[in-house]
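Chemist: Take a look at the letters that make up each chain.
4 protein chains.
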Amino acid sequence: MKRKIAVVITARPSYSRVKTVLTALKNAPDVELQLIVAASALLDRYGNAVERIEADGFEVTARVFNVLEGENLTAAAKTTGIGILELSTVFDNLKPDIVVSIADRFETIATAISASYMNIPLAHIQGGEVTGNIDEKVRHAVTKLADYHFVASEGAKERVIKLGENPDFVFNTGCPSIDLAVEVLANPELDFDPYQKYGGVGEKPDLSNGYLVVMQHPVTNEYTQSRQHIEETFKAVIEINLPTLWFWPNIDAGADGTSTGIRAFRENNNIQNVHFFKNMDGIDFLRILANAKVLVGNSSVGIREAAFLGVPVVNVGTRQNRRDRAENVVDVVHETQIIKDAIQWQIERIRYQSSDLYGDGSAGKRIANLLTTVPLHFHKTISY
Amino acid sequence: MKRKIAVVITARPSYSRVKTVLTALKNAPDVELQLIVAASALLDRYGNAVERIEADGFEVTARVFNVLEGENLTAAAKTTGIGILELSTVFDNLKPDIVVSIADRFETIATAISASYMNIPLAHIQGGEVTGNIDEKVRHAVTKLADYHFVASEGAKERVIKLGENPDFVFNTGCPSIDLAVEVLANPELDFDPYQKYGGVGEKPDLSNGYLVVMQHPVTNEYTQSRQHIEETFKAVIEINLPTLWFWPNIDAGADGTSTGIRAFRENNNIQNVHFFKNMDGIDFLRILANAKVLVGNSSVGIREAAFLGVPVVNVGTRQNRRDRAENVVDVVHETQIIKDAIQWQIERIRYQSSDLYGDGSAGKRIANLLTTVPLHFHKTISY
Amino acid sequence: MKRKIAVVITARPSYSRVKTVLTALKNAPDVELQLIVAASALLDRYGNAVERIEADGFEVTARVFNVLEGENLTAAAKTTGIGILELSTVFDNLKPDIVVSIADRFETIATAISASYMNIPLAHIQGGEVTGNIDEKVRHAVTKLADYHFVASEGAKERVIKLGENPDFVFNTGCPSIDLAVEVLANPELDFDPYQKYGGVGEKPDLSNGYLVVMQHPVTNEYTQSRQHIEETFKAVIEINLPTLWFWPNIDAGADGTSTGIRAFRENNNIQNVHFFKNMDGIDFLRILANAKVLVGNSSVGIREAAFLGVPVVNVGTRQNRRDRAENVVDVVHETQIIKDAIQWQIERIRYQSSDLYGDGSAGKRIANLLTTVPLHFHKTISY
Amino acid sequence: MKRKIAVVITARPSYSRVKTVLTALKNAPDVELQLIVAASALLDRYGNAVERIEADGFEVTARVFNVLEGENLTAAAKTTGIGILELSTVFDNLKPDIVVSIADRFETIATAISASYMNIPLAHIQGGEVTGNIDEKVRHAVTKLADYHFVASEGAKERVIKLGENPDFVFNTGCPSIDLAVEVLANPELDFDPYQKYGGVGEKPDLSNGYLVVMQHPVTNEYTQSRQHIEETFKAVIEINLPTLWFWPNIDAGADGTSTGIRAFRENNNIQNVHFFKNMDGIDFLRILANAKVLVGNSSVGIREAAFLGVPVVNVGTRQNRRDRAENVVDVVHETQIIKDAIQWQIERIRYQSSDLYGDGSAGKRIANLLTTVPLHFHKTISY
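Chains as they are written, first to last, in the UniProt record's numbering: chain A, 1 to 384; chain B, 1 to 384; chain C, 1 to 384; chain D, 1 to 384.
Just so you know, these hints were derived from the structure itself, not from any lab. Be aware that one or more of the hints could be misleading.
Copies of the same chain are indistinguishable here, so a pair counts whether it falls within one copy or spans any two.
[Claimed, not checked] As a list, the in silico DSS-like pairs of lysine-lysine whose alpha-carbon atoms are at most 30 Å apart: (1) K235 with K278; (2) K162 with K26; (3) K4 with K235; (4) K4 with K380; (5) K204 with K95; (6) K380 with K197; (7) K235 with K26; (8) K204 with K4; (9) K278 with K4; (10) K204 with K365; (11) K235 with K365; (12) K2 with K278; (13) K278 with K162; (14) K2 with K380; (15) K4 with K95; (16) K204 with K278; (17) K162 with K2; (18) K4 with K197; (19) K380 with K162; (20) K2 with K204; (21) K197 with K162; (22) K365 with K2.
All values reported here derive from a predicted model rather than from experimental measurement.
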């Protein structure tokens, strides 16, 4: 009988992160892949990952709408509560043999609670990392609910084991988001016109002499400051005055703070040289990244994929605090002048050497293989 | 301005456990106690703790009905999801400065998620212990969501610190459930007629020459076995043929397995010498316990209060696995003959020396004092 | 392509009512029957209708646990809210062509809202009747949400049309609960031992010289009175002192009032001659009814099935107010003496003539045929 | 003791509609006004009515976030389910003597269900009207759940009575939205600069020689067509080429269709002469309306306020089907040329006579007075 493996995707970046896992599972002979798409991954204004997923040839087994609207943290809690209500019904019907929860967004704990409470073995991808806000609490709580851990670095593996998990079930697979970058590192040429392929709004600056990429997300615990933070970055980028490709932030309490800041800044300033995208397919995005002079913002892409591709990064603020870094990252606070100086410094670096800190490009296959073969159990006790 | 401290009570045993904390908070001059009663603590068939709470002179600030009916594990997950939906509204209205979550029942993670997601500092009572089922996952996950830890033993303190928590905010206060036992240990006389005061059903055996007490709860991960387990215990108790006071199990997926087992056994056997209670006030129960020949079952009362009172305990099955024990406990598996032999052995021990393994009787005051004075924060990162 | 017809069963009596509809749908060649079992129909303590349904050979397509525990009216509202959340996910996945909602229990409006809000054509069975409590509001509100109406009497048909519904889609099919009674009316012999087949508790009085049947449900709007009401009936029945078969009430806010009343009365009185059943298969129950001297209580069974079978009925209280009656019914208030006198009067009547006020026994086939053939639409406006 | 009157506001237009009721209740001596703000009335992207409410001097008693994100009808159903869950908790805490539900938006039935299921008397404002989509089902279903009816016209009164409601509790008070227009009708001068006061986006055409106003909402049952519908209107308005003030649509399944259509049209066309507002205070909006050459779209404002103010209206599509009209309305289908011709025709009409079809301007006081004085009950049966 085929092993039924349920993967719950709750956001576009999570999908990009595990795409190679899904591909490997889909092609595995003894696996029935149950793909559950939920939360912002279903919503237009966060990039409608589900369309991407289906366009990539995956069949969606169930859809769960659970994002509660609201400009406050209460909505994040409620979204999680609704997620549990809905996912437990989904699991009740699909009866998966094992459930996979990805990373540390707030709503992912709904997957972990539904599965663990229903005695379904739970695997967690990307535990053991360290950041500085609610994600930190969520990530380690999910580790304590999970039975199998697929982590992205040696540092992460050590931490998960220190958290009292059985070392037999903690696997450093590397991060599957790196997998896609292997091909791009080998052949980095920008082979498509991003304006034509992805639309977006704003000027369409010429990219042939280099450009910046910006991705800055709100930080949950400081969401009232989101608007100010985004403005500091905006000013720095404008003053640098290079062609810039700006990617819209993901959903979160405070997302509207950041979004509003971007909209207001655009409305009140005559901005040139900047084009805004909602999102982009993983491989296309990596090509854009591979050819950027500098990546600016606070995305984990700067820590992982950019390290593998050797792209200089200006990491702004606390969002990636204490994540292991390769040498490509310069950290700065939310101040226009400091951000600007750091961008200038990194422009001159041109390129760093490729780092395998977060994997060598085979994480997807390793994770799929483990999901297919680990002995199933849902009972554990702390190791100390 | 008074510090607003919200305590969420979700079950009758949790109330008994923290009663002395609540009393100390109620009497503290600079505290506004927000008492939130939820889940089975509101329901008749689980002992209606809320009536007891009000009879004890506490004012209930908010009530949250969130127990979903169902004879399966899905209902436990859903109860938790509804709890998050409801509690986040309650917190949104009450705006507590700090929230207290108690122990490790499945639904308590709803308190932890709502508070932590809303950036409200979260204190957890009784983390760091070790058991063998879903409670184990819940307990440590709540630890990773919490900012302050009030643990009941040195072993628990060490474990919470190993989990990466800041030692400055991990306090071994002892278990407040022990506090009530101080008075009983000093003066253990049975000063009331339990039949008259608490009703219940079944024969009313004479207690003056000693009696057994039985408390056996279902074990979540084995709920289909609950009925068999309870029958093994039942047979052993019947064969011992001493006056017996049997306490009804608490709510859980599987509660009905145990309850059904008890009902069926009663219906099919002519049982003498056994009286059944739904529940009892903390102090009265401790007097009953203090005068028992042996406590039989799998309640944590056997590990904690009975140790302090020196009462012999026959602990059946895996529910208290790996909890630190004093010498008063004998562990047995679910087999009639083995349970019976252990009861006989313990009857002959008569009494053990009082142990302070789980506290010296001042935990309530210590916890209340800490809740009132700790600097408030909700931001943390793992310590390694 | 087969028409997908979703029927939502939320309680044991609703199942009995539509069983012949389900059988006809199951046997129809161009129909895919989607059977959704929800609410108390899934719960042991309300008779676990789902087991009966499966034993009768129906396949359950989806299960929805949505009963919130609680001894108050708030729980009824919340159960409905959860029902909408869950049923809309179910409909989203099953994509039925038409949805069927049954009668007027509070939780049935969840079916009606989910379907109508999702633009799925909605059929309602048993609209247009008149009672005196929350069911009254629910029933007519569901009529206003529904697109097709299968009513049980001419009076009901007139009322639904007066409510502004298009007469083309209001069909007097009779009540399908009558269908089962056709066979029993033809051959009423009691061909099984109810004690042996259905267990239950209490004495097992000899039934060969006749017996009473009692079914009394709580009335939502008066739930604090439920306990007193049930006691009046209990006293009357005890004083009559005939063999009595008593059926446990269904779920409702207040169910516990009635249940508690029954339990307390049993505990405090030495009751003989009364046996208690949780429930019984439809056809068996009808045989029990057909041979009863009198049916006592407030069940709609007295108004419908008993009329068809010619069984004398003492209808107590307001629950069946304004439902059309045949001559077999005597209405009384909640007073012991009056109930007793009425029982005595009815005993002497022995039998009434069979009435077809609520149908001729072919309702199930008619409804199934209409569900399979009506043109599908979900757009309507009031007719005046 | 003061009568506790709870009013639930779920959208910005509903607030505008009942503002004069709230003012009268706030000033009534024996009333405790419990103002509950929920759903889109709390959300920035639908105009954040709650800020307006507080700026107007009302105190908000409770906030309920219940809007589930999603571009489909399922989200509307789920929003309603969450609303019931949350509102029943709110009512449980506030214990209102009577609850007021407004009009017919899909989520308003949550108010009606929570109140009626909890035996709280329910008043409904604006029943008895006729439209052509899901609102139609919702409106009449709420009527059947409600105990008191405050309707806006004689036609509406007749319909509610025909629906079987007791005529003693059906009151034609007129529509309170008209109340604000009394002052504007007397003194219609545009006394503020809308661009300066309300921001918005787009060109800022000169308004001194007249202008169009556009308000077009998605129609739930046709949401896939929303985008095409809005484009037809857009083209007609562009071709007319007069200064135009365009108001953003309200929330609904399909809102994003309409919004997307507007955004796309703006992005792809060089639009001049059009300014877009999210919303405006009631009285300011009425002044804008009073001075408009024509109101275009499908808002009920065209049927009510515009009739009272004598403003010519081009009503597009089916949304206002069968609402009683004064002579100021011309109805058209969704075709550019036809819409354009109708606008041209209406421009030449200049002004119509004021109509009192929907009230004389004292509805707010009448409704408040009735809410304060009607005998309270929650029990009813259909009148036929």
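Chemist: Against which earlier hints does the structure fall short, listed by number upward?
Modeler: Numbers 2, 3, 5, 6, 7, 8, 9, 10, 11, 12, 13, 17, 18, 20 and 21, in rising order.
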